Amino acid sequence: MYAHILLSTDGSDVARNGLKHGIALAKALKARVTVIAVTESLPIDYGSGHASGWIPSQQEIDAFDAASRQRAGKFLGEARAMAEQAGISAELLHVPNAHPATTIIATAKSAGCDLIVMGSHGRRGLKKLFLGSQTSEVLADGNVPVLVVH
Amino acid sequence: MYSHILIPTDGSELAERGVAHGMALAKSLGATVSVIFVVEPFSEVSSRFLEAVVAYVEFRKQQATSVLDRVANEAKTAGISCQTIQVESGQPHQAIIAAAADKGCDLIVMSSHGRSGVAALLIGSVTSKVLTHAKIPVMVCP
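Chains A and B, in that order, give the protein sequences. Residue numbering for the first sequence is 414 to 563, as defined by this note's numbering. Residue numbering for the second sequence is 4 to 145, as defined by this note's numbering.
Hints in this document: simulated from the structure, not taken from any laboratory. This structure is a prediction, so every number in the text was calculated from the model and none was measured. Certain hints may be false.
Said to hold, decoys possible - Quick list of in silico lysine to aspartate or glutamate cross-link-like pairs, EDC-like style, CA-CA up to 20 angstroms:
| id | chain 1 | residue 1 | chain 2 | residue 2 |
| --- | --- | --- | --- | --- |
| 1 | A | Lys-440 | A | Glu-497 |
| 2 | B | Lys-138 | A | Asp-426 |
| 3 | B | Lys-30 | A | Asp-527 |
| 4 | A | Lys-440 | B | Asp-109 |
| 5 | B | Lys-79 | B | Glu-54 |
To be verified - Under 10 angstroms between C-beta atoms, here's a sample of chain B residues computed to sit facing chain A:
| id | residue |
| --- | --- |
| 6 | His-24 |
| 7 | Ser-31 |
| 8 | Thr-35 |
| 9 | His-136 |
| 10 | Val-143 |
| 11 | Cys-144 |
Glycine included, C-beta positions come from ideal geometry on N, C-alpha and C.
Same shape as in the complex, but just chain A (with noise of 0.2 angstroms):
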């Protein structure tokens, strides 16, 4: 049916769902995994006419990157046990400084995947959007089923 499916996590809980779901779909269908976290910039504001904005200097950047991959290291981590735990393996995969649903589509392209499961909504879990802005994007691109997990 699916022969590699991408399982997008940000560490939320509505992520973990969302792997927990691919996890068992993977297994029960023999396909392939490829978990993807996908962490973003350090925003840089660079101010307007008076107000001075914010540039970030080599240190800050240097260590909010080493936080992200902690973070996501962290994350990725327990998306491993969960493979682990169903018996099946998982390639984790980290991308930082990217935006996220590009980063999925682009992924998902480029390893081949014919299936991408998320969650609905993520780490800010705004509610009164309809659907997270990620997943929004991802769905927008229709070029695979994507499974979305509540």
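Using the hints, position chain B against chain A.
Showing chain B alone in chain A's frame:
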């Protein structure tokens, strides 16, 4: 894993893609399928057009029956256990979610778009509302 999949269709070509995908998934998982077609009554207009409204609903109901019969036969040929549901509702997403609860479905599989087509919206209105309100997972097919 998923044991009972709900597949909504409005009879459109795009919706058919969701049906095909849902059926294939059900087959792979050994799951049962319920296929639902929601007939939307025309919104209330003045009594001048009542005849046209009634005729339209009748036409849609016939279309629904014919689509559901065909899908049921295809499922039977493929060896998939399949039930069909035909309801009238002004809020298709509500009817879909209610059917999923009623039948104890654990997954909904549907196309991203139905009759409105791809050009009109990034994602179809019914699919979008099902995604918002469903408690069970929803697989959206392009």
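Hints versus structure:
no. : hint                  : result
1   : A:Lys-440 - A:Glu-497 : holds, 11 angstroms
2   : B:Lys-138 - A:Asp-426 : holds, 15 angstroms
3   : B:Lys-30 - A:Asp-527  : holds, 17 angstroms
4   : A:Lys-440 - B:Asp-109 : holds, 17 angstroms
5   : B:Lys-79 - B:Glu-54   : violated, 38 angstroms
6   : His-24                : holds, 6 angstroms
7   : Ser-31                : holds, 4 angstroms
8   : Thr-35                : violated, 15 angstroms
9   : His-136               : holds, 9 angstroms
10  : Val-143               : holds, 5 angstroms
11  : Cys-144               : holds, 5 angstroms
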